[in-house]
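So the sequence lines, in the order shown, correspond to chains A and B.
Residues 8 to 504 in our numbering are what the first sequence spells out, letter by letter.
Residues 429 to 673 in our numbering are what the second sequence spells out, letter by letter.
Any given hint could turn out to be false.
Claimed, not checked - Covered stretches of chain B (in silico footprint by chain A; criterion: 3 or more residues with CB under 8 Å from a CB of chain A, positions within the stretch not fixed):
{"no.": "1", "stretch": "532-540"}
{"no.": "2", "stretch": "569-576"}
As the list claims (entries may be wrong) - Far from chain A by the CB rule (all over 10 Å, computed), these chain B residues:
{"no.": "3", "residue": "GLN445"}
{"no.": "4", "residue": "MET619"}
{"no.": "5", "residue": "VAL634"}
{"no.": "6", "residue": "GLY647"}
Hint data in this document are derived by calculation from the structure and do not stem from the laboratory.
Given the structure is predicted, the values throughout are model-derived calculations rather than measurements.
Note that the Cβ used here is the ideal one computed from N, Cα and C, for glycine as well.
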Amino acid sequence: MNAREAAGGSTFLGLPTSPRGVGHLRGDEPFPVAARRALADAQLRRNLGRATTTIRAKRARVVAELPDWEELREAGSAIKAQTMANLDGYLTQLEAEFTARGGTVHWARDAVEANQIVTGLVRDTGATEVVKVKSILTDEIGLNDALAAAGIDAVETDLAELIVQLGHDRPSHILVPAIHKNRAEIRDIFLREMAGVDPGLTDEPAALAEAARLFLRRKFLSATVGISGANFAVAETGTLCVVESEGNGRMCLTLPRTLITVMGIEKVVPAWADLGVFLQLLPRSSTGERMNPYTSMWTGVTPGDGPQDVHLVLLDNGRTAALADPAGRAALHCIRCSACLNVCPVYERTGGHAYGSVYPGPIGAILSPMLTGIEDNASLPYASTLCGACYEVCPVKIDIPSILVHLRARHVEEARHAARAPDPEAAVMAAAAWTMSSPARYAAAQAGGRIGRLFVRHGTIRRLPPPLSRWTRARDAPVPPAQTFRQWWRREHQDPR
Amino acid sequence: MRVALFVTCLADTLFPQAGRATVALLERLGHRVEFPPDQTCCGQMHVNTGYQREALPLIRRFAETFDGYEAIVIPSGSCTGSVRHQHAMVARRLGDDDLARRAEEVAARTFELTQFLTDVLGLDDVGAYYPHRVTYHPTCHSLRLLQVGDRPLRLLRNVAGIDLVELPDAQACCGFGGTFAVKNADVSTAMLADKMRNVLSTGAEVCTAGDSSCLMHIGGGLSRLSAGTQTVHLAEILASTRAGR
C-alpha cells in the first residue's frame, strides 16, 4: 500500500470519533431494513410526498429570482473551505472575542463532555426546567436525556420539536422535524400529551399553533435558563447567530437569565460580512423564503438587557476526524438547510427515521458515518442512487455524490484492512475486475452469461437465483441476446481476431 | 475524424442493438467507426460500490485502448460520466498520478452520443424517421453529471414521424443506481413504481433514454407488468430511417 492509499483509508483512525452509547447518530438497524418498514407506511409516504413537493417548489421559485445565485453558492463554498483550512485560528479568535464581551467558552471533546458541561451549568443555577431553541446538535449529543437524568426538564419550544417531544418520537428532518406527521396526527398528540389543552381542539393549523402558543408562553415566562444551538458564530466579533421562523427561539434567547449555546466547531465564520452570503443562501434553500422571519444575534452580555450569564460550548464529537479526510471534509461545510433532503428521491420515500441518525438524507448519509466512523453507519453511504439532485441544490456546493463514493471506498478498504472473512460481494467484485481486465476472459464470460437464456420462460426472465432474485422480485431481467455486440462486429467487419 | 466506439459492457453483453444502432447512425452520417476489441468495462460499478482498487486496471485499460483516437463515443451517460468524472479521480486517490494525467487526456476526447452529435458534429437533425409515440427519460448522469441539457430532446424533436410526449416529473431518478437496485431493492422498486406511473400516464408506446442500464430497470418493471410500453435506446430511434423500416 502506498502513501496515497493510506491517506484514503486509515489516517483518520487516530482521531476520535463520536463515542458510542450517547446521543443519536446511530440507528439500531441497517438502512435497507429500516427503509423497508418506512416504505410500507402509506400515511408516512403521503405526508412526506406532499411536504417535500411543496418545499421543493417554493425553493425553486425563490432561487430562480436571484441572478447571482451561482455566484452566491461559489462564495459560500469558498468561505467554508477557507474557514476549514484555518479552523484552529478562527476558533481561538472566537473564544477570545466571546470572552472579551463577557461570555464564557467551554471546549467539549465529545457528546459526553458537552452533556456534562451543560448539565453542570444548569445545576449551578438551581433550575429544574430549561427552554430550548430548536437545535439538531443538542439532539446529536442526546442533551435532553442527559438533563433528564440530572432531574432537569428540557422543554422544546420550536413547534415541530415540541410535537416530536410530546409524541415521544424522533425528529425525521433537519428543518421540519415533524414532517412525517400530518395535522390530524398532531392534534391527537396535543390532546393526549399537552397539559391544559382545550379538549375541543381542531386540526386547523391556526388552532394547533394557538394551543402550542398558550402552552409555551407559560414556559417562556417562568424559565431561567435557555439552551440553543447556533447557525453561525462570527470569529472577528464573537457574535452568535440563530435563524428561525417562529420567534419562539428569540423568546428563549432573550427572556432567561442564563443562556447556554452548544455549537459544532464547524459553524464558525471568519467575518461579519460573511453572514451577508449565508443569510441569503440559507432561508431560500431551507424554507423557500427570501428571508427568514427571525434572525437573532448576540454578542456577549449587555448589562441590564437579556441574559446576564452567557456560555458557549464548542463541540468536536468527530468533527476533527472528518476534517482530517481531504476527500470528505466538505461535509463540514453544511449549513443545515435541508434542501438536499427535500430533493432526494430516497429520502422522499423513506423519511428520516430510516437513516437512524439525527442527520438524515443525503447530507446525513455522508456526515453521520464521518462523525461516528464508517463501521457504525456502514449502510448509509449506499443509501443513494448517486442521482446528483442533492449536489445540484446544495447552497455551499457540497459534492455529496462524490463523497458518498469516497466513503464507500473507505468502507471497503477498512473492511479489507480489518481482514475480516472475505464477503461474497468482495469476491464477486474481484472476480468481475479480473474478468474485465482481459478481453479474452471477458468474451468467455459473455459466452458463459448466455447461460441466462436457460432462465427464459415465454420470452422473459421472471426469476433468477439469489442475490439477483432481489432484481427479479419486481422486474424482469433482460434476456441475453443470441449474439453479443462484439460477435456481431467481428462477423460484420471480418476482423481476423 | 478517427472515431472509436466504446460500446459499454452492458450494451455489448445484453443490449447489442444499442451498439449496432450507434454504429449505423454514425456511419450514415459519414463517419468511419472503429471498435477497438481490447475494450471491456469502464469500471463504474466497481467505483460506485467502493472497489476502487479493483477498478484501477479497468481505468488503465480504457486509457490505453482509446489512446490516439480523436473522439470516443459512448451510448451511455453514466459510463461517459465515469470516464469524465471518476477515472482520473480514482487514479489520483490511489497514487497513480501518471495514469490520472492520461485518463484526463482521454476523458477530454470522450463524448456521450448526444453530446457528440450536437457539440462535435454540430447536428440537431440526424435525418431519422420513427413513427411512434415516444417519451424521453433524462437519466441522472447525463442530466446532472454531464449536463447534456436539452440536447437529446433537440435531436428527438427533429425525428420525422415521431409523436414526442413530455414525461411528467422527468428529472426524477428511476431508482436504478447500479448495485443500489440490489442493495436497496425496496427503495429502488418504490422509485421505479413512480417512474412507471409517469411513463404510462403519457400513453407512449416507447420510453427512451441514453442509458441501457436505466432502460433495463424501467423496461424490466414495465415488462413485469405487461404494460405494453417498450424501452428503446435513444440511438435506436436516431438510427431508424424510412428506408430501413
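Violations among the numbered hints: Numbers 1, 3, 4 and 6 - these are the hints that the structure violates, sorted from lowest upward.
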